[in-house]
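Peer 1: As a plain string of letters, each chain reads:
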Amino acid sequence: MPRTPSESTMTRGTMLQGTGVLMGTLAASSVLASLAPSRTWALPLHALSQAEGETILQFGRVLYPHKALPTAVYALLVKDLDAEAVRDAGVAALLREGSASLDAASGGKFVSASSAKRLAAVKHIEGTPYFSKVRSTCITSLYNNEMAFAHFGYQGPSWPKGGYLHRGFDDLTWLPKPPASASPPAAG
Amino acid sequence: MTRFDLDDDSVVVIVGSGAGGGTLANELTQKGLKVVLLEAGKQQSTAAFVNDEWASFSQLAWLDKRTTSGSWQVAKDFPNLPAWVCKTVGGTTTHWAGASLRFQEHEFRARSTYGDVQGANLLDWPLTLAEMEPFYARAESKMGVTRTNGIPGLPGNNNFKVMYAGAQKLGYKECHTGRIAINSRPRDGRPSCLQLGFCFQGCKSGAKWSTLYTEIPKAEATGRLDLRPESHVLSIEHNGAGKITGVVYADAGGAHQRQKARVVAVAGNSIETPRLLLNSASSTFPDGLANSSGMVGRHYMRHMTGSVYAIFEKPVHMYRGTTMAGIVMDEARFEPSRGFAGGYEMETISLGLPFFAAFLKPGAWGADFTHFMDNYTQIAGMWLVGEDMPRDTNRVTLNADVKDQYGLPVANVHYDDHPNDIAMRGHAFAQGERLYRAVGATKTMRTPPYPSTHNLGTCRMSDDPKLGVVNKHGQTHDIANLFISDGSQFTTSAAENPTMTIVTLAIRQSQYIAEAISKQEV
Numbered sequence: 012m013p014r015t016p017s018e019s020t021m022t023r024g025t026m027l028q029g030t031g032v033l034m035g036t037l038a039a040s041s042v043l044a045s046l047a048p049s050r051t052w053a054l055p056l057h058a059l060s061q062a063e064g065e066t067i068l069q070f071g072r073v074l075y076p077h078k079a080l081p082t083a084v085y086a087l088l089v090k091d092l093d094a095e096a097v098r099d100a101g102v103a104a105l106l107r108e109g110s111a112s113l114d115a116a117s118g119g120k121f122v123s124a125s126s127a128k129r130l131a132a133v134k135h136i137e138g139t140p141y142f143s144k145v146r147s148t149c150i151t152s153l154y155n156n157e158m159a160f161a162h163f164g165y166q167g168p169s170w171p172k173g174g175y176l177h178r179g180f181d182d183l184t185w186l187p188k189p190p191a192s193a194s195p196p197a198a199g
Numbered sequence: 078m079t080r081f082d083l084d085d086d087s088v089v090v091i092v093g094s095g096a097g098g099g100t101l102a103n104e105l106t107q108k109g110l111k112v113v114l115l116e117a118g119k120q121q122s123t124a125a126f127v128n129d130e131w132a133s134f135s136q137l138a139w140l141d142k143r144t145t146s147g148s149w150q151v152a153k154d155f156p157n158l159p160a161w162v163c164k165t166v167g168g169t170t171t172h173w174a175g176a177s178l179r180f181q182e183h184e185f186r187a188r189s190t191y192g193d194v195q196g197a198n199l200l201d202w203p204l205t206l207a208e209m210e211p212f213y214a215r216a217e218s219k220m221g222v223t224r225t226n227g228i229p230g231l232p233g234n235n236n237f238k239v240m241y242a243g244a245q246k247l248g249y250k251e252c253h254t255g256r257i258a259i260n261s262r263p264r265d266g267r268p269s270c271l272q273l274g275f276c277f278q279g280c281k282s283g284a285k286w287s288t289l290y291t292e293i294p295k296a297e298a299t300g301r302l303d304l305r306p307e308s309h310v311l312s313i314e315h316n317g318a319g320k321i322t323g324v325v326y327a328d329a330g331g332a333h334q335r336q337k338a339r340v341v342a343v344a345g346n347s348i349e350t351p352r353l354l355l356n357s358a359s360s361t362f363p364d365g366l367a368n369s370s371g372m373v374g375r376h377y378m379r380h381m382t383g384s385v386y387a388i389f390e391k392p393v394h395m396y397r398g399t400t401m402a403g404i405v406m407d408e409a410r411f412e413p414s415r416g417f418a419g420g421y422e423m424e425t426i427s428l429g430l431p432f433f434a435a436f437l438k439p440g441a442w443g444a445d446f447t448h449f450m451d452n453y454t455q456i457a458g459m460w461l462v463g464e465d466m467p468r469d470t471n472r473v474t475l476n477a478d479v480k481d482q483y484g485l486p487v488a489n490v491h492y493d494d495h496p497n498d499i500a501m502r503g504h505a506f507a508q509g510e511r512l513y514r515a516v517g518a519t520k521t522m523r524t525p526p527y528p529s530t531h532n533l534g535t536c537r538m539s540d541d542p543k544l545g546v547v548n549k550h551g552q553t554h555d556i557a558n559l560f561i562s563d564g565s566q567f568t569t570s571a572a573e574n575p576t577m578t579i580v581t582l583a584i585r586q587s588q589y590i591a592e593a594i595s596k597q598e599v
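Protein chains in written order, with the working numbering: chain A, 12 to 199; chain B, 78 to 599.
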């Protein structure tokens, strides 16, 4: 199910457990600010270290570079992989070693490398199990949540709102209207 | 709720409750016959359906393990998901988009019309359009197909407006909101379409025809249908004379049950149907049931498919309203000068944001991909669906190395695109891109095939028992009381979305089965 910030583990809690925590602030101007319980968010990590979490978050940004997509959405990638690492030691090891491989490929710290070096490092590890794991997780983590829906302009479930029959299913006006023979009027 | 005894050998057992099985169940019970309808999946409802692509996928899709091989791109992109079909009461009629097109006359005569296409195993159907027409008419009435029976077409959504404008620029003549089994007016106790979108996720208003809430409850109302969800058939059994005696299935708790039967009709979709026949091999039928021809599982077809998505400078919101909101039919004609036999339809398609990310270009990353995501609200999309070539090497086989939850070999689905399929796809992609560029597209994407929704041909129909598994009534050549009742029967695939033809064949078959039973022939 698409998640809202309030039901995710991105909490405002101060008693943070685990090995690291990612934090950030939604811009006041962001359409997402109204969705979140607070503009500031924090993601406690349970299996990954803070450095590994930050590496994966930046890796996600290189894979799917959306200039205006808030970091809070990319943090969902880290959250999902951290949760999997808690359940599966093999995944934890894959993420740990993979994050180290990104550092090695960028000749230092991946997160502080130039954008050109980050891209080169990602291309260097393309096709590895770590790459595939993070990339495929991005598809669900980044694009199947209510913050992403709001950001990209997808309106999500329509049934609770009565569908689009009276909410713009045919509101496009920049092209000629098809004739009734091709597109008859809706029922009463 | 009607219950028949496991030892009642007077019942017709139908395996699968989708377009073929669900329709056959209703038709037979209306004729007074007793039917046990076994469905592997759970029973959902319009209330249970969810407007959430991934959650709905978990709720409805057939996710039991399968494997793939061959050069088709689906094997690379979705190695364990060759098909996007459903495991639920109502089968894939919960998921389908409603496009309901009759075959064209020449499509029943593919071998005669297209000639001997090298590397393909074309045959003419043992049926003609003229023979099918009365049954097509009954299917259209039953399903409430728009633009038939005086039912108005559906109103076109924004995605259709883009398609229509582009079609005019290209000079296409036949573009409209299609013949669709979605109510444009209240009909048959179901409401008219609310333009929800989410046609693929189960229609929450019930405006779209599905056996789940049409054929099956009507059959239950006769008192002669025993519907058993979560009943996964493992094998079909026969006696020493080679006559079918019943089926063994795993119930919801995993316990094996043996249901006796007078007739068994298999409608498990074109992957599970041949798998069941092959998994039912015995000393009498060592190559699987009804397989003396060796044709069970062969000639697997999945239609030539692909999609074109295009970015515009202004909003479209393609996801609002019906998924298959309109069609261009001009390219469905037979015209070999285009460089391929057969034709294709162009039909609007839309995906919500989650599935757009998953299916736009599987495996892709980087700025080209995110450019499409960033422009999600300004994208129009179409699906290209055309006739693919039957090949005896494209086949469903048992994968002895991989077992399912019941310990049975899973299906391996092997497919290599025929050069004709590749030529047609190239033409269709180019025409789709031209259509959108003619009305201002700034960028277009050629999206590769999704997991197959149109699975066909693995128990093909032929008058010749050496060339086909079933006769023109879907009765197996080898075993008189064993029938195939789904798209597996298709001799060739035609350009048309197959559901209505499956329904039509089931209506026709029901007459034959009822007569054969009354005449004591089975």
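Any given hint could turn out to be false.
[Claimed, not checked] Mimicking DSS-like on lysine-lysine, the simulated pairs with C-alpha atoms at most 25 angstroms apart in a straight line are: (1) B/K438 with A/K78; (2) A/K188 with B/K543; (3) A/K144 with A/K120; (4) A/K188 with B/K520; (5) A/K144 with B/K438; (6) A/K188 with B/K142; (7) A/K134 with B/K153; (8) B/K250 with A/K134; (9) B/K520 with A/K78; (10) B/K320 with B/K543.
[What the hints assert, rightly or not] Computed spacing ranges between beta-carbons, pair by pair: (11) A/R178 with B/D364: 28 to 36 angstroms; (12) B/R511 with A/S125: 26 to 34 angstroms; (13) B/R511 with A/A191: 20 to 28 angstroms; (14) B/D493 with A/A191: 39 to 47 angstroms; (15) B/G443 with A/E108: 17 to 25 angstroms.
[Claimed, not checked] Short derived list, chain A residues pointing at chain B, Cβ under 8 angstroms: (16) A94; (17) V97; (18) G118; (19) K120; (20) V122; (21) Y154; (22) E157; (23) D181; (24) L186.
Source of the hints: derived by calculation from the structure; they are not laboratory data.
For each residue, glycine too, the CB sits at the ideal point set by N, CA and C.
Peer 1: Would you pick out the hints that fail for this structure and give their numbers low to high?
Peer 2: Hints 2, 6, 8, 11, 12, 16, 17, 18, 19, 20 and 22 are the ones this structure does not satisfy, whereas the remaining hints hold.
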